[in-house]
Amino acid sequence: LAKTTQPISMDSYEGQEVNITCSHNNIATNDYITWYQQFPSQGPRFIIQGYKTKVTNEVASLFIPADRKSSTLSLPRVSLSDTAVYYCLVGDDGGATNKLIFGTGTLLAVQP
Amino acid sequence: EPEVTQTPSHQVTQMGQEVILRCVPISNHLYFYWYRQILGQKVEFLVSFYNNEISEKSEIFDDQFSVERPDGSNFTLKIRSTKLEDSAMYFCASSRDRGSNEQFFGPGTRLTVL
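Taken in sequence, the protein lines are chains A and B.
Using my numbering, the letters of the first sequence correspond one by one to residues 97 to 208.
Using my numbering, the letters of the second sequence correspond one by one to residues 47 to 160.
Note that these hints are calculated values from the structure, not bench results.
Even for Gly, the Cβ is constructed at its ideal location relative to N, Cα and C.
One or more of the hints may lead you astray.
Using 27 Å as the maximum straight-line C-alpha spacing, the simulated DSS-like pairs for lysine-lysine come out as follows [unchecked claim]: (1) A:K165 with A:K150; (2) A:K99 with B:K88; (3) A:K165 with B:K88.
One side only, chain A facing chain B, incomplete, derived with CB under 7 Å [what the hints assert, rightly or not]: (4) Y128; (5) T130; (6) Q138; (7) G139; (8) P140; (9) F142; (10) Q145; (11) D189; (12) G190; (13) N194; (14) K195; (15) F198.
Using the sequences provided together with the hints, build the complete structure.
Below is the structure:
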């Protein structure tokens, strides 16, 4: 399973764009990149998933370069309520295994 | 929007006692999971379940743990004889598709073993 590396924490201010980068040098051909968000004392919540190039939904954008060895989660104009831990996961989608492997994530602190 | 629900939200028990944590997955989902998160640590996979069978389990999921889908809506995690180190948040999750990375998590049950 591909290992991921992301910053332990980041600080931002309301209204700013936040970019969280994740390294996954050993990503396999069948692997997708998935991001989850977790608020304190709540379960993780799926944000976005991609395989290559760029994916955008109503919450975030995910940028994946051609070599797929890293990815960047972009949160536009964050608010205080975006303060959470963000996890980058790498794994096959629809494959044999069902388990999600969470790392330590990035604690994003948004200040007024 | 459909969601995964879990009961109770908080369970306090004495060491050695049995506990059952309950979950109601999203109704049209077929794949069910339990994860746990010890305070301040990572979310850890315990077990996945499909078609009334365990699909995969982790090393954490030893003989003290069992899962069951007793009816068409509930999915339970039983810990037979709790230990202090079982204290954690337990999250149930479900997904519609096999091997999906998009899993829907419940709010969790905080288990405290005294």
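Status of each hint after checking the structure:
| no. | hint | result |
| --- | --- | --- |
| 1 | A:K165 with A:K150 | holds, 14 Å |
| 2 | A:K99 with B:K88 | holds, 14 Å |
| 3 | A:K165 with B:K88 | holds, 23 Å |
| 4 | Y128 | holds, 6 Å |
| 5 | T130 | holds, 4 Å |
| 6 | Q138 | holds, 6 Å |
| 7 | G139 | holds, 3 Å |
| 8 | P140 | holds, 5 Å |
| 9 | F142 | holds, 5 Å |
| 10 | Q145 | holds, 6 Å |
| 11 | D189 | holds, 5 Å |
| 12 | G190 | holds, 5 Å |
| 13 | N194 | holds, 4 Å |
| 14 | K195 | holds, 4 Å |
| 15 | F198 | holds, 4 Å |
Consistency with the previously given hints is maintained throughout, with no hint failing.
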